[in-house]
Amino acid sequence: MAAERRASVTWKGDLMSGSGTIDEVGSGAFAPLDVSWPARSEEASGGKTSPEELIAAAHASCFSMALAHALAQAGNAPERLQTSAAVTFVPGTGITKIALSVRGTVPGLDADGFRVAAEDAKKNCPVSQALAGVPDVTVDAALE
Amino acid sequence: MPRIVRDATVAWRGSLSRGSGVATAGSGAFELPIDLPSRIADKPGKTSPEELLAAAHAGCYATSLAGEIARGGGTVESLDVKCTVTLDEVGDKGHLIVSSELDVRARADGVDAAGLERAVQAADAGCTFSSLIRASASVSVRAELESN
Chain F
0 MAAERRASVT
10 WKGDLMSGSG
20 TIDEVGSGAF
30 APLDVSWPAR
40 SEEASGGKTS
50 PEELIAAAHA
60 SCFSMALAHA
70 LAQAGNAPER
80 LQTSAAVTFV
90 PGTGITKIAL
100 SVRGTVPGLD
110 ADGFRVAAED
120 AKKNCPVSQA
130 LAGVPDVTVD
140 AALE
Chain V
0 MPRIVRDATV
10 AWRGSLSRGS
20 GVATAGSGAF
30 ELPIDLPSRI
40 ADKPGKTSPE
50 ELLAAAHAGC
60 YATSLAGEIA
70 RGGGTVESLD
80 VKCTVTLDEV
90 GDKGHLIVSS
100 ELDVRARADG
110 VDAAGLERAV
120 QAADAGCTFS
130 SLIRASASVS
140 VRAELESN
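Protein sequences appear in the order of chains F and V. For the first sequence, counting from 1, position 135 maps to 134 in numbering that gives the first Met the number 0; every step adds exactly one. For the second sequence, counting from 1, position 85 maps to 84 in numbering that gives the first Met the number 0; every step adds exactly one.
Rather than coming from a laboratory, the hints here were simulated on the basis of the structure. Computed from a predicted model, the values in this text were never measured in an experiment. Everything hinted at is true.
Simulated pairs of lysine to any residue, SDA-like, Cα-Cα distance not exceeding 25 Å:
hint	chain 1	residue 1	chain 2	residue 2
1	F	K121	V	L35
2	F	K11	V	E143
3	V	K81	F	G17
4	V	K92	F	R5
5	V	K81	F	G12
6	F	K121	V	T85
7	F	K121	V	G93
For the chain V half of the interface with chain F, some residues (derived, Cβ under 8 Å), not all of them:
hint	residue
8	T8
9	V9
10	C59
11	K81
12	C82
Ideal Cβ positions, reconstructed from N, Cα and C, are used throughout, including at glycine.
When you get a sec, could you build the whole thing from the sequences and use the hints?
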C-alpha cells in the first residue's frame, strides 16, 4: 500500500531577495509557512522555517515512530520519547550532518537495550534510508 | 561559508499504533501533531514525516530553481512547486520512500521553454535534497511556463 503526501510552495522573485510560502499541504495540518534564503543560510532563522528545519522535523518524527514501534514489539512500549534532530547545512556543499538525540521513559528496559534499539531505528526508519547519502548521521540515546 | 544548524524536536507518547507526538520547529515556525494513522491513511488530518519531506523538497527546489533562472538571465515573477512524496512497502525491505515528484509552473520573463528546461535540470542537480533522496527514491520534475 502506497501513501502519497503532498505540499506546495509558491516562490516570488530571485533567490537572494525573493521569498516563498509553503501555501498548501495535503493534510491541511499546516500552511502557510514562509521560507526564504536568508532564513535558510544565515545563523539566525528570523522565525521562518527552511527545508533543513522541515527535514529535521521529518527525521525526528520518523525516528520516534520507528523506535516506539520496535520497543513495543519487544514488549517495552515507551511512555515517552523526546527526540531532537539537528541538521547541519553548508551552503554550496549541502547537508553534512544530522544529529539525533533521544531521551526516553521506557519501563522494563535498561540503558544498553535502549541504545541498541535507537541505533536500529536510526539505521532503518524510512527517512534515514532516504537520507542515506548524508555523510554523518549520529544518535545519542539515554533513558530519563 | 557558514555552517548552519536547524533543529526540530518531537515528543512522542506511547506505542506506534496508539501513541502520538508533537513536532516543534527550532525556529518557532510550527508545532505539529503527528501519529501513525496520519502517515498511512487516505485522508490524513495531521502531518507526517513524508508530508514534511514534501514541504522540504518543494522549498529546496523552489529556491534552487529561482537561482538557476536568474543565472540564465531570466527574471522570476513566481514559481509554483508542488511535491508529492510516496511511501511504499518494498518486498523484504519494509517501508521505503520510493519517489518524490515535483510539478512546477513558472512565470518568468526572459526565459523560453528550452531555457526553463536547462534551469530545471540545473536546479535538480543543485538542490541538496534531490541528490540525497536518490539514495532510496526516484526524483522527477515536470515544469511548464505560464504566460504572463
